[in-house]
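Put chain B on the given structure of chain A with help from the hints.
Number of protein chains: 2
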Amino acid sequence: MSESSQSTDVATILQNVLGCKWTLHILAEVRDGVNRPGELVRSAEGLTTKVLNERLVKLVRFGILQKTSYPEVPPRVEYELTQFGKRFSRLLDEIDRLQKEC
Amino acid sequence: MSESSQSTDVATILQNVLGCKWTLHILAEVRDGVNRPGELVRSAEGLTTKVLNERLVKLVRFGILQKTSYPEVPPRVEYELTQFGKRFSRLLDEIDRLQKEC
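So the sequences go chain by chain: A and B.
Per the UniProt record's numbering, residue 1 is the first one in the first sequence, and the count goes up by one each step.
Per the UniProt record's numbering, residue 1 is the first one in the second sequence, and the count goes up by one each step.
One chain only, chain A, in its complex shape:
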C-alpha cells in the first residue's frame, strides 16, 4: 500500500525544501537507503519524531517520497524516492555543484 502524489509546483517545492535543514537531511538519508522512521530519527542529533513525521508527510505530499506500509506485527513502514523524487534530488545535486564552484 503506497501513497504518493505530485500536485504542487516544482518551484514552490524547491523553495520549501531548500528552506528547511531537516527536510534536506531526511531526503539525503532516504536517498542513502536509511528509509525507516526509527533509523531516520536516530540519524541526527536533535531530530525529534514529531519533526521527522511532519517532514515525511510533507515529502510524500510533494510526491518526492513514497510511503509503503507492510501489514506485519509490529507494523513496518518504509519510505523511498519516487521517480519525481529522484529527478528532484538530482536538481539538489546541481545546486550543490553550482554552490561549490562559486
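Heads up, some of the hints might be wrong.
Repeated chains share a single entry, so a pair holds when one copy, or any two copies, can fit it.
Unchecked claim - List of simulated lysine to any residue pairs, SDA-like, C-alpha gap at most 25 Å:
| # | residue 1 | residue 2 |
| --- | --- | --- |
| 1 | K67 | C102 |
| 2 | K86 | G19 |
| 3 | K86 | N35 |
| 4 | K86 | R42 |
| 5 | K86 | G33 |
| 6 | K100 | R61 |
| 7 | K100 | T23 |
| 8 | K21 | Q99 |
Simulated from the structure, these hints should not be mistaken for laboratory data.
Okay, now just chain B, sitting in the frame of chain A:
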C-alpha cells in the same frame, strides 16, 4: 566599468528568484538579449522603473547579472549574464523541464 560579485549562497538566491515573477521575467529578457533598462521596462505590462531597478540591483548583488555603464551622452547602461548567471539560468531551465514532465 562593470560590477558583479557572488557571495550569497545559491539556495538562498534560488528561493529569492523563484519567489518573484518580475525577477524571473527580467532574467529571461536579459538572457534573450533585451539588456537595456529602457527596453526592459517596456518588455512587460505593469513593470515599473522602480521595480525594474530594484530587481536589477538585486540580480547584480547576487552575481547573476553584470552591469556595464558606457561613458556616453546620454549615458548608456547594459546588463548581461555573468558566468554564474548563465549556470544559474540553466538551473532554472532544469526546474522548468521537471515541472513540464510532472
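These are the hints, each one checked on the structure:
1. Proximity of K67 to C102 under the C-alpha cut-off of 25 Å is restricted to the inter-copy arrangement: shortest distance 19 Å between copies versus 36 Å within a copy.
2. In this homomeric assembly, K86 and G19 come within 25 Å of each other (Cα to Cα) both inside a single copy, at 19 Å, and across copies, at 23 Å.
3. In the homo-oligomer, the alpha carbons of K86 and N35 lie at most 25 Å apart inside one protomer (14 Å), although the nearest pairing across protomers, at 36 Å, exceeds that limit.
4. Taking CA atoms no more than 25 Å apart as the test, K86 paired with R42 passes inside one copy only; the shortest distance there is 23 Å, against 40 Å between copies.
5. For a Cα distance limit of 25 Å, the shortest separation of K86 from G33 inside one copy, 13 Å, qualifies, whereas the shortest one across copies, 34 Å, does not.
6. In this assembly of identical chains, K100 and R61 lie within 25 Å of each other by CA distance solely across copies; the values are 18 Å between and 30 Å within a copy.
7. Taking the closest pair of Cα atoms, K100 and T23 come within 25 Å of each other both inside a single copy (21 Å) and across two copies (24 Å).
8. In this assembly of identical chains, K21 and Q99 lie within 25 Å of each other by CA distance both inside one copy and across copies; the values are 16 Å within and 23 Å between.
Taken one by one, the earlier hints all hold for this structure without exception.
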